[in-house]
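Enquirer: Sequence order for the protein chains is E and Z. For reference, each letter of the first sequence is one residue, going 1 to 266 in my numbering. For reference, each letter of the second sequence is one residue, going 1 to 263 in my numbering.
Since the hints were made in silico from the structure, they are not lab data. Even for Gly, the Cβ is constructed at its ideal location relative to N, Cα and C. Misleading hints may appear alongside valid ones.
Stated by the list, open to error - Rough simulated footprint, nothing fancy, chain E against chain Z, three-plus residues with beta-carbon under 8 Å:
| # | stretch |
| --- | --- |
| 1 | 30–37 |
| 2 | 46–58 |
| 3 | 175–184 |
| 4 | 189–202 |
Unchecked claim - On the chain E side, residues computed to face chain Z include the following (Cβ under 7 Å):
| # | residue |
| --- | --- |
| 5 | A31 |
| 6 | V34 |
| 7 | M35 |
| 8 | G38 |
| 9 | G51 |
| 10 | L53 |
| 11 | G54 |
| 12 | A182 |
| 13 | I197 |
| 14 | Y198 |
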Amino acid sequence: MNTIRLYLRSMGMLIRCQLEYPVSFFMQTLAQLVMEGGEMMAVILVIDRFGHLGQWEPGNLFFFFGTMSVCFYLTEMFGRGVTGNFPYLVRSGQLDTLLLRPRGLLTQVLCSAVDPRRITCVAVGVTALVLGSRMSSIAWTFPKALAMAESILMGCALILGLFLIEAVFVIFSVKSVELVNALTYGGRSACEYPVDIYPRPLRILFSIVAPFAMVMHVPCSWIMDRPLYGWPAWTAFVCPLSGALVLGIMVLVFYRAIRHYRSTGS
Amino acid sequence: MKAYLSVFRMRLRMETQYRGAMLGGIVCQMFFGLILIALYRALYASKPQAMPLSGVVTYVWIQQAFFRMLAATDSDLADKIRTGNISYDLCRPVSMYGFYYSRAAAQKLTGSLMRAVPMLVFAALLPEGWCISLPASLPGFLLALCALLLGLLCVCALENIMVAFTMRTLDPRGMQGLLTLLMMTLSGNILPLTLFPDSWQKVITLFPYAQLLDAPIRLYTGEYPPSEAPRILLTQLVWILVLVGTGLAMWRSCRKRMILQGG
Chain E
1 MNTIRLYLRS MGMLIRCQLE YPVSFFMQTL AQLVMEGGEM MAVILVIDRF GHLGQWEPGN
61 LFFFFGTMSV CFYLTEMFGR GVTGNFPYLV RSGQLDTLLL RPRGLLTQVL CSAVDPRRIT
121 CVAVGVTALV LGSRMSSIAW TFPKALAMAE SILMGCALIL GLFLIEAVFV IFSVKSVELV
181 NALTYGGRSA CEYPVDIYPR PLRILFSIVA PFAMVMHVPC SWIMDRPLYG WPAWTAFVCP
241 LSGALVLGIM VLVFYRAIRH YRSTGS
Chain Z
1 MKAYLSVFRM RLRMETQYRG AMLGGIVCQM FFGLILIALY RALYASKPQA MPLSGVVTYV
61 WIQQAFFRML AATDSDLADK IRTGNISYDL CRPVSMYGFY YSRAAAQKLT GSLMRAVPML
121 VFAALLPEGW CISLPASLPG FLLALCALLL GLLCVCALEN IMVAFTMRTL DPRGMQGLLT
181 LLMMTLSGNI LPLTLFPDSW QKVITLFPYA QLLDAPIRLY TGEYPPSEAP RILLTQLVWI
241 LVLVGTGLAM WRSCRKRMIL QGG
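Modelling step: build the complete structure from the supplied sequences, incorporating the hints.
Expert: Okay, structure coming up:
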């Protein structure tokens, strides 16, 4: 409980800090809107030109896109300490101070930064979700809402877990490793669309190694009454748990790796 | 002129230092290229288009290969503006605009060429349907190279305009970030311009952003036949003149109101 209070207090402070420069904040938020708006425009234009993608109707595609945007940018917003700030903490040696304090290391890293600019990206994602839900005429029931909530929560866990891979690399190499981004950002780009359109190697990659498909596509397709691969309903609730699994494994790996941490000394 | 050339050469040498980062970048871009192509293949399987799939695949590969031409920014310069160290550059007996223009050109040229060559070789070795196709014709290829060079000059001029905004706001993440993202969309990096609605394309291809990579790619794939090349190259030239002129004027006015922060 204490941890959660600590996190919320830090978030409040950091957000107030950012709002100290309102013009810059506004411009950056607008830039985020342009970025995610551009992504969504690409999806709209693709749908406009191609109509549908395999068995998926336009509404379904918006729904998949929305789920991914909401998950990804919620993670980048509240997990900024891991997704963006960690390489800097290592390079500047500030991680040493965190190691001295009597609180969990990951908690402190997560408390070190927040990125409220991403709110516009999340908003674009929510718009796509609502649009997709309307267009595919989803009849929302309690189990469906539950599956959606689980999917988004687990999606955030999965993405945070994948960003921890980069953090582990940074502990050893100090410099941030562009290559590891391929899995996170590549996964985002690829899994904005349902996974079953891709050739087998990519399907395996995004179902097992980085299980975006398990966490997002399986429950979402069930919500839209077009279950992926025709899987039964219970999979929509069990498969997303793989997100928590990835996060759990990566947290363990992270704490193992941190034992080998050698400060940069600066 | 000699001064600018030596700035260019120095920067070229510096850019070739970071080979590890380059290798990581290449693998990353190739992975993105493969994902995009897988997506377009699936879309084409649902509903084939007038533009052949091989054209889209080629478009994606060239865009990915020359990604650094669009994305590389001079972070030194942004730091200098914020810290006020840019005042040292005022002491140099060369035009500040020209100085940074040559730096940007060198950075973008090496950054993209060093990545593009291995990537395009890899892209050519891929199996049918995934690989980059050969240029439509030899003149088309040579003209595409010319257009690419003009595109480079154009993107450097755009870059300097974006920097001029940073000089005013001191924070590169605001306006500069906004314009970079606009560039990514309108230059065909996120979605090939050839897949935009046909009515939009008539307007978008006239924008400066389409002169960077879209025009060279279309000359390469033969969508613009060589007979149309003079019109394309002329459009690029006009934009370069307009953008360099605007940039120069903006830098000059920034220089007049420059207040040095700190000591």
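Enquirer: Each hint should be assessed against the structure and marked as holding or not.
Expert: Against the structure, the hints come out as follows:
1. 30–37: holds (count 5)
2. 46–58: Satisfied; 3 residues make the cut.
3. 175–184: holds (count 6)
4. 189–202: As far as the stretch 189–202 of chain Z goes, the hint holds, because 5 residues have Cβ atoms under 8 Å from chain E.
5. A31: 4 Å, holds
6. V34: 5 Å, holds
7. M35: 5 Å, holds
8. G38: 4 Å, holds
9. G51: 6 Å, holds
10. L53: L53 of chain E check passes; min Cβ-Cβ to chain Z is 6 Å, inside 7 Å.
11. G54: 6 Å, holds
12. A182: 5 Å, holds
13. I197: 4 Å, holds
14. Y198: 5 Å, holds
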